[in-house]
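Participant: The residues making up each chain are set out below.
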Amino acid sequence: KNEVEQSPQNLTAQEGEFITINCSYSVGISALHWLQQHPGGGIVSLFMLSSGKKKHGRLIATINIQEKHSSLHITASHPRDSAVYICAAQLQGAQKLVFGQGTRLTINP
Amino acid sequence: DAGVIQSPRHEVTEMGQEVTLRCKPISGHNSLFWYRQTMMRGLELLIYFNNNVPIDDSGMPEDRFSAKMPNASFSTLKIQPSEPRDSAVYFCASSLFVESNYGYTFGSGTRLTVV
Numbered sequence: 001k002n003e004v005e006q007s008p009q010n011l012t013a014q015e016g017e018f019i020t021i022n023c024s025y026s027v028g029i030s031a032l033h034w035l036q037q038h039p040g041g042g043i044v045s046l047f048m049l050s051s052g053k054k055k056h057g058r059l060i061a062t063i064n065i066q067e068k069h070s071s072l073h074i075t076a077s078h079p080r081d082s083a084v085y086i087c088a089a090q091l092q093g094a095q096k097l098v099f100g101q102g103t104r105l106t107i108n109p
Numbered sequence: 110d111a112g113v114i115q116s117p118r119h120e121v122t123e124m125g126q127e128v129t130l131r132c133k134p135i136s137g138h139n140s141l142f143w144y145r146q147t148m149m150r151g152l153e154l155l156i157y158f159n160n161n162v163p164i165d166d167s168g169m170p171e172d173r174f175s176a177k178m179p180n181a182s183f184s185t186l187k188i189q190p191s192e193p194r195d196s197a198v199y200f201c202a203s204s205l206f207v208e209s210n211y212g213y214t215f216g217s218g219t220r221l222t223v224v
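Going line by line, the protein sequences match chains A and B. Heads up: the first sequence begins at 1 in the numbering used here, then just goes up one per residue. Heads up: the second sequence begins at 110 in the numbering used here, then just goes up one per residue.
These aren't lab readings, by the way, just hints derived from the structure by calculation. Being a predicted model, the structure only gives us computed values, none of them experimental. Careful: at least some of the hints might be erroneous.
[Claimed, not checked] Heads up, simulated DSSO-like pairs for lysine-lysine below, C-alpha to C-alpha not over 27 Å straight-line: (1) A:K96 / B:K187; (2) A:K53 / A:K96; (3) B:K187 / B:K133; (4) B:K177 / B:K187; (5) B:K177 / A:K96; (6) A:K68 / A:K53; (7) A:K55 / A:K68; (8) B:K133 / A:K96; (9) B:K133 / B:K177.
Construct the entire structure; sequences and hints are all you get.
Facilitator: Structure representation (structure tokens):
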């Protein structure tokens with residue numbers, strides 16, 4: 001079993017839909033990161049969070065430390081949100097990131 | 110700041126050749142990371158440096174891989190000799206490691222193809 005598990009692996013939705021991507025981890029962490037990668041493109045850091053919730057525009061990230069679970073939400077999704085979203089656990093006491101396998105999101109117009 | 114700069118963007122080389130990937134981190138960042146991304150294994154940490162010192166190289170696949178950071182503004186990842194299974198996208202990232210308050214900035218990656 002991977003230390004960081006994401007679901008779903010693939011998600012296709014219509015423009016405007018509310019999107020949720022889930023991440024569960026089994027290791028002790030100091031922070032949880034959400035990253036975005038567009039096809040053929042680089043990786044952008046969206047959020048780093050260690051508790052509660054963060055919001056940036058239409059993106060919201062939440063984390064429940066007790067349940068070792070984080071979610072990334074996208075409101076009013078748009079085709080430009082189509083990308084791979086990667087959850088990464090920052091191991092406790094280290095700077096090392098352990099990555100989930102990613103969720104490929106496709107938003108159709 | 111121009112961000113994390115990696116070169117080259119693409120590299121095609123023949124099996125057995127030496128390959129050197131380069132990275133310039135963001136000025137002022139004190140940590141640098143080399144990651145590899147493949148379809149099969151996703152993103153994996155190869156090695157990271159704090160203040161130019163290698164801290165964790167447990168992800169380096171084998172002795173064919175080596176990484177150096179001679180100063181705060183430059184790092185290299187070398188593969189010698191290269192093999193087809195080394196084909197992947199290699200990302201460099203940097204961060205400012207201040208306790209409990211840091212994020213990562215990734216470079217655009219180097220797509221390596223070994224034929």
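Participant: All the hints need checking, so say for each whether the structure fits it.
Facilitator: Right, here's what the structure says about each hint:
1. At most 27 Å may separate the alpha-carbon atoms for a hinted pair to count; A:K96 and B:K187 meet this at roughly 21 Å.
2. With a CA separation close to 22 Å, the supplied pair A:K53 and A:K96 stays within the 27 Å bound.
3. A distance of roughly 15 Å separates the Cα atoms of B:K187 and B:K133; the hinted pair therefore holds under the 27 Å criterion.
4. Restraint check: the Cα-Cα separation between B:K177 and B:K187 comes to about 8 Å, which is no more than 27 Å; the hinted pair holds.
5. A distance of roughly 18 Å separates the Cα atoms of B:K177 and A:K96; the hinted pair therefore holds under the 27 Å criterion.
6. For a cut-off of 27 Å, the pair hint linking A:K68 to A:K53 stands: about 14 Å separates their Cα positions.
7. For the given pair, A:K55 sits about 19 Å from A:K68 by alpha-carbon distance, which is consistent with the 27 Å threshold.
8. For the hint linking B:K133 to A:K96, the alpha-carbon distance of about 20 Å falls within 27 Å, and the restraint holds.
9. In summary, the hint linking B:K133 to B:K177 is supported, as the alpha carbons are separated by about 12 Å, within the 27 Å threshold.
In this structure, every one of the numbered hints holds.
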